[in-house]
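According to full-length UniProt numbering, the stretch in the sequence shown is residues 1 to 105, in order.
Honestly, the hints are just simulated from the structure, not real lab data.
Beta carbons are placed, not taken as given, at the ideal position from N, Cα and C, and that holds for glycine.
Where hints are given, some of them may not hold.
Here are the simulated PhoX-like pairs of lysine-lysine, each with C-alpha atoms no more than 25 Å apart in a straight line [said to hold, decoys possible]: (1) 49 x 65; (2) 88 x 101; (3) 51 x 65; (4) 54 x 87; (5) 66 x 87; (6) 54 x 100; (7) 54 x 66; (8) 100 x 51; (9) 65 x 46; (10) 87 x 46; (11) 49 x 87; (12) 88 x 72; (13) 46 x 100; (14) 72 x 100; (15) 46 x 101; (16) 66 x 100; (17) 72 x 51; (18) 54 x 65; (19) 66 x 88; (20) 100 x 49.
Simulated restraints on C-beta separations [stated by the list, open to error]: (21) 92 x 43: 14 to 20 Å; (22) 59 x 101: 17 to 23 Å; (23) 73 x 49: 30 to 36 Å; (24) 59 x 97: 29 to 35 Å; (25) 53 x 92: 17 to 23 Å; (26) 73 x 33: 16 to 22 Å; (27) 46 x 73: 16 to 22 Å; (28) 54 x 74: 23 to 29 Å.
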Amino acid sequence: MGGVLVLLECVPREGYNMRAMALLEFFGTECSHCNATRPLVERLEKDAKVKVEKLEVWHNDENAKKMEEYDKNLCGGVPFFYNTETKKWICGEASYEELKKWAVG
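I would like the entire structure built from these sequences, with the hints used as guidance.
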């Protein structure tokens with residue numbers, strides 16, 4: 001009954017912020033407010049070296065259910081940004097400064 005135990009260590013790439021796994025953006029494909037914030041989110045990812053997980057909810061039932069789990073009547077619409085680490089959230093369009101504070105404090 002011999003066996004082999006393999007231990008793996010996940011090490012982030014240099015410059016990669018582990019907080020990335022905690023940042024969620026729920027959006028709708030045709031949502032003009034969501035489309036307006038897209039360049040700001042892309043800038044945030046580049047400047048703060050974070051990754052925002054983008055989840056389309058208007059055409060994806062699984063993502064819509066995930067949004068309901070986090071939303072809990074906080075927003076009820078899109079865009080909805082949720083930080084699973086800090087529990088901070090943003091409902092609707094946001095400025096770059098608001099997004100940065102939400103993402104990295």
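Quick rundown of the hints versus the structure:
1. For the hint pairing residue 49 with residue 65, the CA-to-CA distance comes to about 28 Å; that exceeds 25 Å, so the pair is violated.
2. With a CA separation close to 9 Å, the supplied pair residue 88 and residue 101 stays within the 25 Å bound.
3. Taking the CA atoms of residue 51 and residue 65, the gap is near 21 Å; set against the 25 Å cutoff, the hint holds.
4. Using a Cα cut-off of 25 Å, the hinted pair residue 54 and residue 87 holds, with the two alpha carbons roughly 17 Å apart.
5. Among the hinted pairs, residue 66 with residue 87 is consistent with the structure: their alpha-carbon atoms are about 15 Å apart, no more than 25 Å.
6. Proposed proximity of residue 54 and residue 100 is supported: the alpha carbons are some 16 Å apart, at most 25 Å.
7. Restraint check: the Cα-Cα separation between residue 54 and residue 66 comes to about 12 Å, which is no more than 25 Å; the hinted pair holds.
8. For the suggested pair residue 100 and residue 51, the alpha carbons sit about 12 Å apart, so the restraint of at most 25 Å is met.
9. Distance hint between residue 65 and residue 46 is unfulfilled; the C-alpha atoms sit about 29 Å from each other, more than 25 Å.
10. With a C-alpha separation of about 22 Å, the suggested pair residue 87 and residue 46 falls inside the 25 Å cut-off, and the hint holds.
11. With a C-alpha separation of about 20 Å, the suggested pair residue 49 and residue 87 falls inside the 25 Å cut-off, and the hint holds.
12. At most 25 Å may separate the alpha-carbon atoms for a hinted pair to count; residue 88 and residue 72 meet this at roughly 13 Å.
13. A C-alpha spacing of about 11 Å is found between residue 46 and residue 100, which places the hinted pair at or below 25 Å, so the restraint holds.
14. Using a Cα cut-off of 25 Å, the hinted pair residue 72 and residue 100 holds, with the two alpha carbons roughly 23 Å apart.
15. Between residue 46 and residue 101, the direct Cα distance comes to roughly 15 Å. Compliance with the 25 Å bound is thereby established for this hinted pair.
16. A distance of roughly 23 Å separates the Cα atoms of residue 66 and residue 100; the hinted pair therefore holds under the 25 Å criterion.
17. As the CA atoms of residue 72 and residue 51 are separated by approximately 23 Å, the hinted pair is consistent with the 25 Å bound.
18. Distance check on the hinted pair: residue 54 and residue 65 sit about 14 Å apart at the alpha-carbon level, within 25 Å; holds.
19. Between residue 66 and residue 88, the direct Cα distance comes to roughly 16 Å. Compliance with the 25 Å bound is thereby established for this hinted pair.
20. Distance restraint check for residue 100 and residue 49: the Cα-Cα separation of roughly 11 Å lies within the 25 Å cut-off, and the hinted pair is therefore satisfied.
21. Roughly 18 Å separates the CB atoms of residue 92 and residue 43, a value that falls within the hinted 14 to 20 Å.
22. Distance hint check for residue 59 and residue 101: the Cβ-Cβ separation is about 30 Å, which falls outside the suggested range of 17 to 23 Å.
23. Between residue 73 and residue 49 the CB atoms are about 33 Å apart, so this pair conforms to the stated range of 30 to 36 Å.
24. Restraint check, residue 59 to residue 97: a C-beta distance of roughly 31 Å satisfies the suggested window 29 to 35 Å.
25. The hinted range of 17 to 23 Å is satisfied by residue 53 and residue 92, whose Cβ atoms lie roughly 19 Å apart.
26. Range check, residue 73 to residue 33: about 19 Å between beta-carbon atoms, so the 16 to 22 Å window is met.
27. For residue 46 and residue 73, the Cβ-Cβ distance of about 33 Å falls outside the hinted range of 16 to 22 Å, so the restraint is violated.
28. Distance hint check for residue 54 and residue 74: the Cβ-Cβ separation is about 18 Å, which falls outside the suggested range of 23 to 29 Å.
Of the numbered hints listed earlier, those contradicted by the structure are 1, 9, 22, 27, 28.
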